[in-house]
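Peer 1: Following the hints, put chain L in place on chain F, whose structure we already have.
These protein sequence lines map, in sequence, to chains F and L. Residue 282 in our numbering sits at position 282 of the first sequence, and the numbers go up by one each step. Residue 155 in our numbering sits at position 155 of the second sequence, and the numbers go up by one each step.
If you are wondering where the hints come from, they were derived from the structure by calculation, not from laboratory data. Just so you know, these numbers come straight off a predicted model, no measurement behind them. Beta carbons are placed, not taken as given, at the ideal position from N, Cα and C, and that holds for glycine. Treat the hints loosely; a few may be bogus.
[Said to hold, decoys possible] No farther apart than 25 Å at their CA atoms in a straight line, the calculated lysine-lysine pairs in the BS3-like style are these:
#1 L/173 / L/214
#2 L/40 / L/149
#3 F/58 / L/76
#4 L/107 / F/76
#5 L/107 / F/32
#6 F/173 / L/173
#7 F/32 / L/214
[As the list claims (entries may be wrong)] Covered, in the sense of this in silico footprint (three residues per stretch, anywhere, with C-beta under 8 Å from a C-beta of chain L), are these stretches of chain F:
#8 89–99
#9 121–134
#10 147–160
There are 2 protein chains.
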Amino acid sequence: MNKISKYLYGAAIVGVLVSCYDSANAQFPGFKPTPGDTLKSIRISADHKITFSMYAPKASDVTVSGDFQKSYGALKLQKDELGIWTVTVGPVTPDLYSYDFMVDGLKVVDPKNIQVKEGAGGYSNLVEVPGKESDYQAIKNVPHGRLTKVWFYAESLGAMSRVHIYTPPGYEKMTEKLPVLYLQHGGGDNDASWATAGRANFILDNLLADGKIKPMVVVMPYGNPGGGFFAGVGVDTDPYYNYFFKDLVPYVEANYKVAASRENRAYAGLSMGGLQALNMAIFFPEKFGYVLPLSTGFLLIT
Amino acid sequence: MNKISKYLYGAAIVGVLVSCYDSANAQFPGFKPTPGDTLKSIRISADHKITFSMYAPKASDVTVSGDFQKSYGALKLQKDELGIWTVTVGPVTPDLYSYDFMVDGLKVVDPKNIQVKEGAGGYSNLVEVPGKESDYQAIKNVPHGRLTKVWFYAESLGAMSRVHIYTPPGYEKMTEKLPVLYLQHGGGDNDASWATAGRANFILDNLLADGKIKPMVVVMPYGNPGGGFFAGVGVDTDPYYNYFFKDLVPYVEANYKVAASRENRAYAGLSMGGLQALNMAIFFPEKFGYVLPLSTGFLLIT
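For reference, chain F alone in the conformation it holds in the complex (with noise of 0.2 Å):
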């Protein structure tokens, strides 16, 4: 193809461009431009304080909360003459956050930002602060390891089961049998969710890099197959623990290069993982070499 027929290929698709651009036009006939369309809801000063904006010219009461905060109170966001609401939070410390938007009492997803954590009710945006506090968890240019989602279908629950499943760098060419971490999310989360709002993957890398770790596989199950909302109670009745041991554990060490015995196999959760996790070292002390409980609150009870 020579130089004019390129220019005439390039011209034929700027013709197909107007007309998408015109249709779309004739399809929303309303359509006009607003304050909203380059609208940045999130922006952060170099003293890491957070400004949330929204656009809702027609809505009375828009709040903002979420971890940034101490506690979960909602913030009011205050309008402008443009219907633009906006709020100053800070300085925080630099982190990866979660927050919601409440506009007339409605939840809802920041249109302006694709962040977002995955949980078993909904979704959450994520805005993160850089900085050297979270260094640790920066998506840098070291060797990164795969996030990989499984289906299988387990007996125990006779459905599909999804599992989200971290491999270190150079796992594919290794020969070696690794230790393995079952790492369980807290209430309100799923499998997904240590691998967004938590970044384990990341930490995982970068842990690795600086060779503070040895590789592991990593497996996210979903902590509620059940369906309920906690799991934490009842490991003769939960499905989760029949789901774990019968149909999970076998899976891994069938089709992973884990190594199957109690001292290379660790289990750590967060909140009702944690929960489990105290589950799995007073019920199944001898399938854990390793069981680390995170923010349970269990021990707090006098």
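Peer 2: Then chain L, alone, in the frame of chain F:
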């Protein structure tokens, strides 16, 4: 641990939950149940009608649009005395559809539906209307391939690059080299979209289970690495083609069991990706044995 200590342990957990509930009430003093708490935002009738609902008592205008309609016009929902807005559409052909709620002009991801399609510009919800016409993309009890998010540094972009890669069931233990399909999304979508809205992985699983295709690796890259909306023209200057041939293909061929030859390499793309497919056929015929442009609109030009 005997039965009595199990009982005490369970009672202690209940104590934690009650305490958490109390503190949640203290933290959200305005919390009270609403008709929205147990609302189902989507109900599908036996005759394939979809009823959309949203609880938004303060809203003055709620609409829904999506590809369950032939044109994307917004359908108005009607409000009842409880503040629940509802509209019923269809019957529709069984399929996976995307939809967007608008509340007083603001795009609102359905807070009651975790099924979404990730796109370059945000999220749309997904609703599956089951039936024999959509059976080909159902999540069945057949062997499932894995869907992996892979990150690697792309020299041509000077940045980390994310790509979704499907490997067929049993891939890990295969010794032969497989053919590879590069599958490109449309404008407004991203590298996740073919496996969410497109269900590419489940379609491939079902076709393999039926013996209708050979095992293959499917690579789903991001189509706008230059940041612009349209990467369909200008193979000399658009970062996509540089990235594709200098970074992506070498990465895939070095890290996956794929045959590095023209006759084992295929390219398919939808819409904007279809224009990229046409570019591949026109400018890089020596690279691909098969090229499939889908829904480009291009051939309509006279």
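Peer 1: Next, verify each hint and record whether it holds.
Peer 2: Evaluated hints:
1. Of the supplied pair hints, the one linking residue 173 of chain L and residue 214 of chain L holds, its CA atoms being roughly 16 Å apart against a limit of 25 Å.
2. For the given pair, residue 40 of chain L sits about 32 Å from residue 149 of chain L by alpha-carbon distance, which is inconsistent with the 25 Å threshold.
3. A hinted pair counts as satisfied when its Cα atoms are at most 25 Å apart, and residue 58 of chain F with residue 76 of chain L qualifies at roughly 17 Å.
4. For the hint linking residue 107 of chain L to residue 76 of chain F, the alpha-carbon distance of about 20 Å falls within 25 Å, and the restraint holds.
5. Pair hint residue 107 of chain L plus residue 32 of chain F holds up; C-alpha atoms about 15 Å apart against a cutoff of 25 Å.
6. This hinted pair checks out: residue 173 of chain F and residue 173 of chain L have alpha carbons roughly 12 Å apart, not beyond 25 Å.
7. For the suggested pair residue 32 of chain F and residue 214 of chain L, the alpha carbons sit about 49 Å apart, so the restraint of at most 25 Å is broken.
8. Counting residues of the region 89–99 of chain F whose C-beta lies closer than 8 Å to any C-beta of chain L gives 0; at least three are required, and the coverage claim is violated.
9. Given a C-beta distance limit of less than 8 Å, the hint that chain L covers the region 121–134 of chain F holds, as 3 residues qualify and 3 suffice.
10. For the region 147–160 of chain F, the proposed coverage by chain L is satisfied: 8 residues have a C-beta within less than 8 Å of a C-beta in that chain, meeting the threshold of three.
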